[in-house]
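Visitor: Take a look at the letters that make up each chain.
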Amino acid sequence: MTFVGFAARNALRNKFRTALTVLGVAIAVVTFLLLRTAVASWTQAADFAARDRLVTRHKVTFIMSLPLRYVDAVRSEAPRLGIKGVTWASWFGGKDPAHDGEFFATMAVDAPTYFEEVPELVVAKDVLAAFKEDRSGAIVGDALAAKLGWKVGQRVTLESGIFPPEDPEKPWTFTVRGVYTATARNVDRSTFFFHWAYLNDGVAPVRKDQVGWLMSRVTDPARTADVGLAVDRLFDDKEIQTLSQDERAFNQSFLAGFSAVLGALDLVSVVILAIMMLVLGNTIAMGVRERTSEIATMRAIGFLPKHIALSVIGEACVLGAIGGGFGLAIAYPFIERGLGRFLEENMGAFFPYFRIPTPMAFAAFGLAIALAVLASILPARSAARMRVTEGLRRVA
Amino acid sequence: MTTNVDRTAEVLIRIRGVTKDYARGGEVVKVLEALDLDVNRGSFEALMGPSGSGKTTLLNLIAGLDSPTSGTIEIDGQRIDRMGEGALAKWRSNHVGFIFQSYNLMPVLTAVENVELPLLLTPVRASERRKRAETALRVVGLADRMSHYPRQLSGGQEQRVAIARAIVIDPVLLVADEPTGDLDRQSADDVLTLLDRLCKEMGKTILMVTHDPAAADRASLTHHLDKGRFRA
Ligand SMILES: Nc1ncnc2c1ncn2[C@@H]1O[C@H](COP(=O)(O)OP(=O)(O)OP(=O)(O)O)[C@@H](O)[C@H]1O
Ligand SMILES: [Mg+2]
Chain A
1 MTFVGFAARN
11 ALRNKFRTAL
21 TVLGVAIAVV
31 TFLLLRTAVA
41 SWTQAADFAA
51 RDRLVTRHKV
61 TFIMSLPLRY
71 VDAVRSEAPR
81 LGIKGVTWAS
91 WFGGKDPAHD
101 GEFFATMAVD
111 APTYFEEVPE
121 LVVAKDVLAA
131 FKEDRSGAIV
141 GDALAAKLGW
151 KVGQRVTLES
161 GIFPPEDPEK
171 PWTFTVRGVY
181 TATARNVDRS
191 TFFFHWAYLN
201 DGVAPVRKDQ
211 VGWLMSRVTD
221 PARTADVGLA
231 VDRLFDDKEI
241 QTLSQDERAF
251 NQSFLAGFSA
261 VLGALDLVSV
271 VILAIMMLVL
281 GNTIAMGVRE
291 RTSEIATMRA
301 IGFLPKHIAL
311 SVIGEACVLG
321 AIGGGFGLAI
331 AYPFIERGLG
341 RFLEENMGAF
351 FPYFRIPTPM
361 AFAAFGLAIA
371 LAVLASILPA
381 RSAARMRVTE
391 GLRRVA
Chain B
397 MTTNVDRTAE
407 VLIRIRGVTK
417 DYARGGEVVK
427 VLEALDLDVN
437 RGSFEALMGP
447 SGSGKTTLLN
457 LIAGLDSPTS
467 GTIEIDGQRI
477 DRMGEGALAK
487 WRSNHVGFIF
497 QSYNLMPVLT
507 AVENVELPLL
517 LTPVRASERR
527 KRAETALRVV
537 GLADRMSHYP
547 RQLSGGQEQR
557 VAIARAIVID
567 PVLLVADEPT
577 GDLDRQSADD
587 VLTLLDRLCK
597 EMGKTILMVT
607 HDPAAADRAS
617 LTHHLDKGRF
627 RA
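Residue numbers (this note's numbering), protein chains in the order written: chain A, 1 to 396; chain B, 397 to 628.
Hint data in this document are derived by calculation from the structure and do not stem from the laboratory. Wrong hints could be hidden among the right ones.
[To be verified] Not everything, but these chain B residues come out facing chain A in the computed CB check (under 8 Å):
no., residue
1, L461
2, A485
3, P514
[Stated by the list, open to error] No farther apart than 20 Å at their CA atoms in a straight line, the calculated lysine to aspartate or glutamate pairs in the EDC-like style are these:
no., chain 1, residue 1, chain 2, residue 2
4, A, K95, A, D142
5, A, K59, A, E169
6, B, K623, B, E429
7, B, K486, A, E294
8, A, K151, A, E169
9, A, K306, B, D462
10, A, K306, B, E481
11, B, K596, B, D622
12, A, K208, A, E116
13, A, K59, A, E294
14, A, K238, A, D220
15, B, K426, A, E390
[As the list claims (entries may be wrong)] Covered by chain B, per the in silico footprint, the following chain A stretches (three or more residues, Cβ under 8 Å):
no., segment
16, 2-10
17, 319-328
All C-beta atoms, glycine included, are put in the ideal place defined by N, C-alpha and C.
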């Protein structure tokens with residue numbers, strides 16, 4: 001027998017209470033990981049950014065659009081600016097009335113150039129050709145097509161709050177020409193792309209020849225920021241000024257609206273950890289209280305306050321480790337196979353890759369142990385300070 | 397387990413003018429008043445008296461669990477009345493074996509592990525610890541109950557495990573506070589016989605608090621406490 005083994009057995013002596021505590025810690029670990037994974041997944045969506053890509057948008061907000069002629073303005077200066085290609089897109093904000101609850105991104109893009117400039121989207125040659133041929137054609141993410149059961153050649157009608165059709169008798173109708181896949185796992189695979197030209201045909205005259213943003217590929221990625229400044233300078237004295245950012249910064253400004261939510265998730269994560277600590281602290285304190293006469297006996301035999309304190313802390317470590325381990329064992333199947341897959345398929349724009357970041361798993365396990373130790377400090381202190389003669393008077 | 401049989405009438409415990417006060421709600425309660433006591437090495441002595449007379453308090457002072465308000469306590473030539481908490485703990489682990497009324501075994505440990513417990517404080521190696529614990533259990537007649545948990549033992553057996561735990565460090569002094577208080581007559585007799593043997597065969601000095609005159613009869617000498625003083 002060893003002192004450590006003794007502490008471990010004390011930790012597990014009350015099976016029912018230990019089980020409840022372990023479950024409590026495990027649930028806290030799962031919830032914590034769920035939140036952290038959501039935050040990480042969200043941030044990752046913003047993080048996928050080609051370093052050589054410059055996004056130019058309206059200086060005030062990305063909701064406002066730019067005149068189409070800005071594309072030509074940039075193109076004509078491209079060699080001087082160090083830009084090797086320009087394309088553009090508009091946020092359509094479409095929704096399929098047949099699948100009311102489904103959210104997916106819809107973008108009107110410049111069909112001849114867009115997929116050339118965004119190489120992380122993989123489209124088969126014949127699909128791309130068919131798409132370019134058909135002014136009302138669309139290319140959709142393979143995940144989206146699989147989920148909504150869309151086949152090649154399928155007619156899809158979308159509604160948009162941003163772009164109501166000019167003629168209510170003529171809704172926005174598209175033909176799916178094929179799917180795209182992605183070269184990286186954190187690229188959303190459920191976006192709906194269609195011809196900007198088709199959009200331009202169908203909007204009111206005042207809204208014609210407007211684009212959401214320009215996307216330029218820079219020859220030297222190290223100079224992206226400088227190129228951005230140079231592009232903005234082109235429009236300094238124009239009526240509409242621009243803001244050019246590398247794609248990462250652009251994505252972040254796009255997600256900025258969610259930063260309050262992210263902040264709330266951070267707060268909830270901390271609250272969950274605090275609850276976990278209370279659960280552990282309560283169990284440990286109860287265990288110590290009902291062992292008063294045993295602890296006094298150990299002290300009588302000659303064990304020192306530090307031995308008692310260490311055994312209580314050791315007990316806490318055991319509980320934390322079992323709870324943390326159990327939590328991880330639940331979290332992986334639950335988050336990665338269950339909920340994660342669901343979110344990837346249904347909310348790919350926000351959670352393109354919903355998997356537990358490995359460092360987070362380590363952190364959660366470590367936190368379970370560290371917080372158990374923290375929670376045991378008070379009970380350990382009171383156990384260590386117990387007066388032996390008084391402890392012995394109390395009959396167990 | 398070594399035995400140190402020494403039958404010379406040498407004083408092991410020498411108590412002079414020991415007083416113990418407790419402060420209770422601003423009021424000082426004198427629990428023990430100017431006690432003198434000598435206990436010879438190798439004797440088996442009993443301490444009797446009404447409830448609240450201070451028996452446990454005195455036994456705790458002698459066992460080094462508490463310090464007197466005034467007076468001196470010398471055990472085996474060592475003054476323990478002014479030792480600090482750490483020094484007392486170390487002294488106890490080398491010199492005193494404890495036997496309690498309600499046995500106070502660790503429920504999560506088997507009999508042999510309970511007996512091994514005090515040896516965790518010594519530099520003795522694990523295999524040697526186990527051997528010594530087994531020997532002590534054999535001495536108390538529980539060779540066949542080594543891996544039983546306390547809840548699987550009778551009260552008398554539990555108390556014998558506790559006695560094995562008390563003797564495993566080979567202490568000079570055994571203190572027992574009502575060791576038969578929770579036992580039936582037969583088990584109580586077995587325990588008393590065992591204590592008597594430990595005294596006679598292994599030369600242990602035993603100080604036992606008891607309410608039971610039959611138990612006190614087994615001791616060679618009985619001290620009577622009343623309201624914190626010895627009765628003549
Ligand atoms: N920590 C303490 N604070 C205040 N009073 C105490 C304390 N410990 C003991 N006493 C008092 O000291 C007196 C003697 O107590 P003690 O336990 O020594 O009696 P006892 O002779 O062992 O009694 P019993 O036969 O019931 O076990 C009692 O009146 C008790 O209330
Ligand atoms: Mg008493």
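Visitor: Is the hinted pair K59 (chain A) and E169 (chain A) satisfied, with a Cα-Cα distance of at most 20 Å?
Guide: 35 Å, violated
Visitor: Does E429 (chain B) sit within 20 Å of K623 (chain B), going by the straight-line distance between their CA atoms?
Guide: 8 Å, holds
Visitor: Quick check on the hint: P514 (chain B) CB to chain A CB, less than 8 Å?
Guide: Holds, about 5 Å.
Visitor: When I compare C-beta atoms, does the segment 2-10 of chain A have three or more residues closer than 8 Å to chain B?
Guide: Check passed, 5 qualifying residues.
Visitor: Using 8 Å as the Cβ threshold, decide whether A485 (chain B) counts as touching chain A.
Guide: Constraint on A485 (chain B) satisfied, holds at 5 Å.
Visitor: How does the segment 319-328 of chain A fare against chain B when you require at least three residues with a CB closer than 8 Å, holds or violated?
Guide: Since 0 is below three, the answer is violated.
Visitor: Does E294 (chain A) sit within 20 Å of K59 (chain A), going by the straight-line distance between their CA atoms?
Guide: Not OK: K59 (chain A) and E294 (chain A) at ~72 Å, beyond 20 Å, violated.
Visitor: Is K95 (chain A) close enough to D142 (chain A), meaning Cα to Cα at most 20 Å?
Guide: Cα-Cα ~17 Å, so holds.
Visitor: Are K151 (chain A) and E169 (chain A) close enough, with their CA atoms no more than 20 Å apart?
Guide: Since the Cα atoms of K151 (chain A) and E169 (chain A) sit roughly 25 Å apart, the hinted pair is violated (cutoff 20 Å).
Visitor: Are the Cα atoms of K486 (chain B) and E294 (chain A) separated by 20 Å or less?
Guide: 18 Å, holds
Visitor: Could you grab the alpha-carbon distance between K208 (chain A) and E116 (chain A) and see if it respects the 20 Å cut-off?
Guide: 24 Å, violated
Visitor: Given the hint that K426 (chain B) pairs with E390 (chain A), test it: the Cα-Cα distance must not exceed 20 Å.
Guide: 17 Å, holds
Hint compliance for this structure: hints 5, 8, 11, 12, 13, 14 and 17 are broken, all remaining hints hold.
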